[in-house]
Amino acid sequence: MITQLTVHALVEQFRRGAATPSAAARAYLDRIAAVDPSVRAYITVTPERALAAAAAADARWRAGRPLSPIDGVPIAVKDLLCTKGVRTTCGSRILEHFVPPYDATVIERLEAAGTVLLGKTNMDEFAMGSSTEHSAFFATRNPWDLARVPGGSSGGSGAAVAADLAAAALGSDTGGSIRQPAAFTGTVGLKPTYGRVSRYGLVAFASSLDQIGPFAKDVIDAALVLRVIAGRDPLDSTSADVPAPDFVAELGRPIAGLRLGVPQEYFVEGMDPEVEAAVREAIEVLKRLGGRAEAISLPTTDYALAAYYLIAPAEASSNLARYDGVKYGSRVAGARDVIDMYSKTRARGFGPEVKRRIMLGTYALSAGYYAAYYGKAQKVRTLVRRDFDAAFARVDVIVAPTTPNLPFKHGEKEDPLAMYLNDVLTIPVNLAGLPGISVRCGFSLAGLPIGLQFIGRPFDEATLLRAAHAYEQATSWQTRRPPLP
Amino acid sequence: MTDPSAAYEIVIGLEVHAQLRTHSKMFCGCPTAFGAPPNSQTCPVCQGMPGSLPVINRRAVEFGVRTALAFHCRVNASCRFARKHYYYPDMPKNYQISQYEEPLAEDGWLELEADGQPRRIAIQRLHLEEDVGRLIHEGTLETAHASLVDFNRSGVPLMETVSQPDVRSPEEAAAYLRAFRAVLLYLGVCDGNMEEGSLRCDANISLRRRGASELGTKVEIKNLNSFKNVQRALEFEALRQREALDRGERIVQETRLWDADRGRTRPMRGKEQAHDYRYFPEPDLVPLELGRASVEAVGADLPELPAARRQRFVREYGLPAYDADLLTQTRALADYYEAAVREVPHPKLVSNWIMSELLREIPADDERALAASPIPPRHLAGLLRLVADGTITGKIAKDVFEKMFRSGEDALTIVGREGLTQVADTAALGAVVDQVLRANPKAVEDWRRGKKAAAGALVGQVMKATQGKANPSVVNSLLEAKLSQL
Amino acid sequence: MGGRIETREVEQVARLARLELSAEETERMREQLDRILGYIDKLRRLDTEGVPPTSHAVPMVNVMREDEPRPCLPSQEMLANAPDRSGDFFRVPRIIED
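Residue numbers (the numbering used here), protein chains in the order written: chain A, 1 to 485; chain B, 1001 to 1486; chain C, 2001 to 2098.
Relax, there's no trap hidden among the hints.
Pairwise CB distance ranges (calculated):
{"id": "1", "chain 1": "A", "residue 1": "Arg-480", "chain 2": "C", "residue 2": "Glu-2025", "range": "40 to 46 Å"}
{"id": "2", "chain 1": "B", "residue 1": "Glu-1195", "chain 2": "A", "residue 2": "Gly-368", "range": "37 to 43 Å"}
{"id": "3", "chain 1": "A", "residue 1": "Arg-386", "chain 2": "C", "residue 2": "Tyr-2039", "range": "20 to 26 Å"}
Result set (BS3-like, lysine-lysine): computed pairs, CA atoms no more than 27 Å apart in a straight line:
{"id": "4", "chain 1": "B", "residue 1": "Lys-1403", "chain 2": "B", "residue 2": "Lys-1464"}
{"id": "5", "chain 1": "A", "residue 1": "Lys-344", "chain 2": "B", "residue 2": "Lys-1084"}
{"id": "6", "chain 1": "B", "residue 1": "Lys-1469", "chain 2": "B", "residue 2": "Lys-1348"}
{"id": "7", "chain 1": "A", "residue 1": "Lys-413", "chain 2": "C", "residue 2": "Lys-2042"}
{"id": "8", "chain 1": "B", "residue 1": "Lys-1464", "chain 2": "B", "residue 2": "Lys-1452"}
{"id": "9", "chain 1": "B", "residue 1": "Lys-1482", "chain 2": "B", "residue 2": "Lys-1452"}
From the structure, some residues in chain A lie toward chain C, with a derived Cβ separation under 7 Å:
{"id": "10", "residue": "Phe-98"}
{"id": "11", "residue": "Pro-101"}
{"id": "12", "residue": "Tyr-194"}
{"id": "13", "residue": "Gly-195"}
{"id": "14", "residue": "Ala-240"}
{"id": "15", "residue": "Ala-306"}
{"id": "16", "residue": "Val-326"}
{"id": "17", "residue": "Lys-327"}
{"id": "18", "residue": "Tyr-328"}
{"id": "19", "residue": "Ala-335"}
{"id": "20", "residue": "Val-338"}
{"id": "21", "residue": "Met-341"}
{"id": "22", "residue": "Lys-344"}
{"id": "23", "residue": "Arg-356"}
{"id": "24", "residue": "Gln-378"}
{"id": "25", "residue": "Gly-433"}
Keep in mind that the hints were calculated from the coordinates and are not lab data. Think of the CB as a built atom: it goes at the ideal place given N, C-alpha and C, for glycine as much as any other residue.
Starting from the given sequences, assemble the full structure and let the hints guide the process.
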C-alpha cells in the first residue's frame, strides 16, 4: 500500500513514474477518512489544498524538475504551527476559530520544497501535556492500542505517522513532546538543537525550550524533513547562524568506534522492566555494531523536572497573556468591563492543565518569589547543561530510554504530577538545548512500542541520525505494523 | 525660583519617553510614519499574533547609544531586554518588551544654567522599549461603554530616560525638558513633538523640610503634554503638598493626572495598586554586547551639542548670550546662522536679521519650516551684503526681505529690477534736501529756534522724496550743513 | 520557598493572570499547586551558589535587523479574526483600572 511507504521509498516511486503525488495524496486522504475516526489524529483535514498541491507536484515530477527531494510528499502538521488561511487551534477553545494570516517559516519552507499539506493534527492544549488528553476537542488514540494514549503533546502527529495517515509529520518538543509520543507510537521523533529550526509561526509555549521537529517512519525520512526545515531565519532572533549540513549524506557511515554514554540516572527507580530490558538490549546491539559504551553520570537529572516545571510554566504564563479576546480568538459576551472580559474569556477558553500552568508560572514570576523559583531554576538549568558538557568530553552520543513507562490507558494518569513524571528522561535535553531523537527499539509483551533515545552535542544532529540509522538498519522492528486496517 | 527661605525643599524627578525617528518599528519592519489609517501599519509581530517573534532594530540601538553618550552616560558593555507584564487593551501581548536590570546605559547627566551657574541633573538610566497602541474612547475614559484600539503605534521604538530626583523647582523642570529636547533634536533621534506624542514626560515630586536628607513621599504626575503644563502641574502639586503638610496631613503615595482645563491634579480613577510587572529576561531576544570600539565610533560621530554650540557662538562670534541661546535652539537654525555668517562676516548683523525678520516668518523651533524656507542662508547673506556695503538702506532692505520671502528670488534681482539702490550722491541728494527745506519752512523755523529734533521730520521728508533710497548718514550731514548755513 | 500556598495567594495570582476562578476551582487549584510546589521544593537542596543562570540554551549575542521598512499585512487581514470591531478598529468593553 502506498501509504505504508517511507518518504524515501515514495519519492523513489515518483522519480520512476510508478506513482504520482496525486495518487499518494488521494490514498492518504482516503485512509484518513476510513481510519482516522478510530485514531482521531486530525483536527483539520485540508483535502482541496492537498489535492491542488499534489497536482502541481505531479507536473514537476513529470517534467523531471522536482522542487526538492521530498516534492509531493503528503505531510501532517501539529496544530500549533500557523498555517495561512487554515484554522490553527493549538488544541484550545480559545483559538477554536483562529485563522492565521501568515505561515510559519517551516510551513513556508515545506511548501517551497513542494510538500503536500494533509491537515493539522491534534495535540495537548498549547503543547501542555504528555498524552494528548488535554486537547480541548477530543483525545487521540494510540494506533497500537486504541484504549491507550499516543503520548503528547504532539500525539496527533505521532499517531498519524504510526497509522499511515501521513508520510511524515511535524511536531514540537518543549519537554519531550516529540520524543515521548514517538516512543509511545513507535515512530522516529527528532528534536533538533535549540536554534536549529526557526520558531517563527510556532505558537509559543516556553520560548527558551520549544523546538520544531519531524515525526517519521524511519531515520532517513527524519533526516530528509530536517534538511528542509532547518536553517537560520532572520525572523527568529534565537535561530542559530550555524550552517545546516546535508543530514542525509552522512547517514550510512558506520558507527564503529563511536563512544556511547549510558547515564545511570536515566534508569529510574520504578521504570517499567520491559522498557529497561529493551533499551539495555538495544545498547548491546550498538556495541555489536562497534559502538563503545561506557557508564556516565548526569547528577543533576533528579532536579531537572522540578526546574522545568518552573521555567516552562513561567514562560508559558507570559506567552499566553496575549489570549485576551481583544484581537483574535474567542471572547465571552456580555462582560461588564474589559477586566471582566479578560477574566471570563480566559477562564472559559483555557482548559484546566493550561490554567494550572499559567497559575504556577505567574506565581513563580511574582514579586518576592522570582529569585527562589524562576531564578533558582535557571541556575539549575546551568548545572544540567554542565553535566552534559562534561559527559560529551568523554562520549559522542548518549543512549538512554525515552520514557520510563509504556503507553498508559486513557484516564489513567489524572494526577498532574504523575503526568509530569512521564517527561523525566526527555526534559533535561530541552533544558540543555541539545538535540535528541527517539527510535523504536522493541515491543512489550502486550505489543506496545518502546523508544530508544539518543542525545547529541549541540548541532550534532548528524551523529545522532547516524547512530539511530545504524541501529535501525541492524534491527527489524520497522516491519511490525499497528493492528489497524 | 527656589526660595531659600521656604520651609520645604521641592524634589522633582523626571521620566521622559522619546519616540525614535527610525524608519521601522523596534521589533518588526512595519513603518513608523504617523497618521496612517487605523491598523494598516501592523504585522503579526506588532499585533502580538500567536507565533510571532521580535527582532531588534539596529538603528534604534544606535540612536540609544548616541543619546546615552550625549548625556555622558556609561553605555553598558552588555544589556538585555525584559518582559514587563500588565494587561491593557493597547498592549497586544499584554507584556511590553522593555529593559529592566540591564539597561542600555546609566549614570549620565544634563547640564542646565541656573542663575548663571551650571547645574547638573543626574540621569539614572536610559533604556529602549516598544510603544503601545492607541486607544480611542467612545466618550471619555470615565464614561465610555467601549473603546477602540489602533495598533499602528504599537511597536514604535521608545527611549526612556529617568533622572535622579535632582530637580529643585517646577521652572527648573521645564528648563531640563527644554534642554533635553534640544539635545534629542540635535542628535536627530527624535522629533521632540509633545503635542503629537513623540516626546512624553511624567514627573514625580515630593517635599521635605529644608535641611532634611530623607526624601518625602513622592507623587507621580501623568498626562503632561507640554513643557508649560509640566511647570504648571508641578507648581500646583508643590502647593497642594505644602498646604497638606502644613495642615499636618500625610502625603499619599499615588499617581495623579494633570487636568489642564481645571488647572489641578487629581488622583487616577480606580483602586491604586502597585503593579507586579513580573519582569524576566526576554527569551525571544539575545543579549546585546556593545563593544567599546563601536560605542566610541558612535561617540566620535556626535554632532556639536546645543550647550557647546551656544558657548562657541558667544566666543567665536562675540554674540550676546540671548542671541546665542535663540540661534542654537535647533541645529538647523544654528547651521543656517553659520552658513550666512560664512558669506557675510558680520555676526551681529546676521543675528539681528534672523532674530527680527526671519523668525517673524518661521518659528524658531520648526526645523521643517526652516528647511523649506524661501530664503536660504546664501540669499540672506546676499541681502545683508548689500546693506553692509551701503548699496541699500536698512529700511529698503526690510521691504526687499519681505519680497524675497514671498517670491524666493535673491536680493540683487529684486533691487536691480525695482531700482532700489541707495542714493549717496551728494549732488543729487543736495538738490533734494534743498527742495525739502524750501517746502517745509515751519520745520526749518522750529529748528532755527532751537528745536533740534525738527531735523528728524526733515530727514523723513527727504527719505519720502527719495522713496527711502537716500543714504541716511549723507542726508544727515547734508541737512546739518545746509541748516547751519541758513 | 515553602510548599504551602494560601487561598489568598491563589486569588491574587488568579487576578494577576486574569483568570476567573470559582471558590471551588480556587480550592482545587490551591491543592494542586501546593502539591506541585511541594515537589519543586527539592530544588532547595541543590547548592547553586555562584552558578550563573541560563537564559538562552545556545549562547548568541547581537542578533539585530537593519532599519528597513517591510510591507505590512493589509488591515482587513489583521482584523479578520477580531471578536469585535468597529470599522478598522478593534473594539473592547469599558476600560477600568485594576
